[in-house]
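Model the placement of chain U on the given structure of chain V, informed by the hints.
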Amino acid sequence: MAKFITNAGSSVVNANNNFLAYAKAAGLTVAVVAVIVLAVKFKNWGAARAAAGQTGMNVAQALAGKGGNSVNNIMNILKPGGSLIGSPGTSSNIRMMDGGLSAAQNLFSKLTQGGTLIQSSSYSGQLYQLANGGTVGLRTLSTRSGKNIVATIDVNLPGWKGIREIKFK
Amino acid sequence: MNKQILKDRILAECDEDDVGLWVIIWELENQGVQNRHLKEETLTFIELLMNDGLISAGHVRVVEQENRAVFDHWNLTPSETVARISKEWDKLGRLPTIGDIVYFTITDKGMEYLRTIANDTPNSESV
Chain V
1 MAKFITNAGS
11 SVVNANNNFL
21 AYAKAAGLTV
31 AVVAVIVLAV
41 KFKNWGAARA
51 AAGQTGMNVA
61 QALAGKGGNS
71 VNNIMNILKP
81 GGSLIGSPGT
91 SSNIRMMDGG
101 LSAAQNLFSK
111 LTQGGTLIQS
121 SSYSGQLYQL
131 ANGGTVGLRT
141 LSTRSGKNIV
151 ATIDVNLPGW
161 KGIREIKFK
Chain U
1001 MNKQILKDRI
1011 LAECDEDDVG
1021 LWVIIWELEN
1031 QGVQNRHLKE
1041 ETLTFIELLM
1051 NDGLISAGHV
1061 RVVEQENRAV
1071 FDHWNLTPSE
1081 TVARISKEWD
1091 KLGRLPTIGD
1101 IVYFTITDKG
1111 MEYLRTIAND
1121 TPNSESV
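In order, the protein sequences belong to chains V and U. Heads up, the first sequence is in my numbering, so the first residue is 1 and it goes up one at a time. Heads up, the second sequence is in my numbering, so the first residue is 1001 and it goes up one at a time.
So that you can see chain V by itself, here it is in the shape it has in the complex (with noise of 0.2 Å):
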């Protein structure tokens, strides 16, 4: 753990020198720049604190993934560039995807890599716990499957309420 905190430590020292010589050339102040990234990096910071709270592993493990999917590379895959995937649904935090069954298996994978399958639930699906703290499930029945809606994903991420659900036609 050390060594990783050691390491994770000078890579975001770099990519920060990186970044505030680019804004010094661009002529934002050292104070503002630090004031940005002190903001991505706590908001971050608070969704692996309330993974942590949750899954009783410390802050470090929630933002590293503990060997599966971190914090960070979950909002990658749903925020990709900064933007929700899909389209809004019934709310902007349920999105709507094309691509049918096949689609949302290959996000399912790609959002439970390094998780661990759920088999005590009542889930009407599969249920992955995920290293990060979070609960993601991928279901194909529902008792009333509206829009023709053939799979969801529930995404359950503590400390980040951007996407809840994934519907796929």
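Calculated directly from the structure, the hints in this document are not laboratory data. All C-beta atoms, glycine included, are put in the ideal place defined by N, C-alpha and C. Mixed in with the good hints, there may be bad ones.
What the hints assert, rightly or not - So, partial list: chain U residues that the calculated Cβ filter (under 8 Å) puts toward chain V:
{"no.": "1", "residue": "D1015"}
{"no.": "2", "residue": "E1016"}
{"no.": "3", "residue": "D1017"}
{"no.": "4", "residue": "D1018"}
{"no.": "5", "residue": "W1022"}
{"no.": "6", "residue": "V1023"}
{"no.": "7", "residue": "W1026"}
{"no.": "8", "residue": "H1059"}
{"no.": "9", "residue": "A1069"}
{"no.": "10", "residue": "V1070"}
{"no.": "11", "residue": "G1093"}
{"no.": "12", "residue": "T1097"}
{"no.": "13", "residue": "T1105"}
{"no.": "14", "residue": "T1107"}
Showing chain U alone in chain V's frame:
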């Protein structure tokens, strides 16, 4: 978002899909309800919808041979439902997540309510 908007949103979702307990918790958290108040707020919200006869509590059961899901209703009163959820929540010992404890489905009265608010919306399309 106030409770009325949350009520309409949850009912609209119940009309399209089975809604888990975790969804209500997720939405209340998203509204900024603190962890220590989450259980009380969640149970109050559920009891409100059930007292109005808009949702029913139970489990989603998959009938694999027929490739379909059925809703097994608990057939409890609102206060009995809330008491059962509270007991199972305590037994769980953590915040309920996907698949935990209970699911909700819309009732005929709930669907009627949704039709009413759709008709009351100024820009709703006439049938």
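Results for each hint:
1. Of the supplied interface hints, the one on D1015 of chain U holds, with its beta-carbon coming within about 7 Å of a beta-carbon of chain V, less than 8 Å.
2. The closest approach between the C-beta of E1016 of chain U and any C-beta of chain V is roughly 4 Å, which is under the 8 Å cut-off, so the hint is satisfied.
3. The closest approach between the C-beta of D1017 of chain U and any C-beta of chain V is roughly 5 Å, which is under the 8 Å cut-off, so the hint is satisfied.
4. With 8 Å as the threshold, the beta carbon of D1018 of chain U comes within range of chain V, its nearest partner Cβ sitting at about 5 Å, so the hint holds.
5. Interface restraint check: W1022 of chain U against chain V, minimum CB-CB distance 6 Å, threshold 8 Å, status holds.
6. Interface hint at V1023 of chain U: satisfied, since its Cβ lies 7 Å from the closest Cβ of chain V, which is below the 8 Å cut-off.
7. Contact between W1026 of chain U and chain V, as hinted, is supported at the beta carbon level, the nearest pair being about 6 Å apart and thus within 8 Å.
8. The closest approach between the C-beta of H1059 of chain U and any C-beta of chain V is roughly 6 Å, which is under the 8 Å cut-off, so the hint is satisfied.
9. For A1069 of chain U, the interface hint holds, since its Cβ comes within 8 Å of a Cβ in chain V; the closest pair sits about 4 Å apart.
10. With its C-beta approaching chain V no nearer than about 6 Å, V1070 of chain U sits inside the 8 Å limit, and its interface hint holds.
11. For G1093 of chain U, the suggested interface contact is broken, since its CB lies about 11 Å from the closest CB of chain V, more than 8 Å.
12. Below 8 Å, beta-carbon pairs count as interface contacts, and T1097 of chain U has one with chain V at about 4 Å; its hint therefore holds.
13. The beta carbon of T1105 of chain U comes within 6 Å of a beta carbon in chain V, closer than 8 Å, and the hint placing it at the interface holds.
14. With a least beta-carbon distance of about 12 Å to chain V, the hint placing T1107 of chain U at the interface is violated under the 8 Å criterion.
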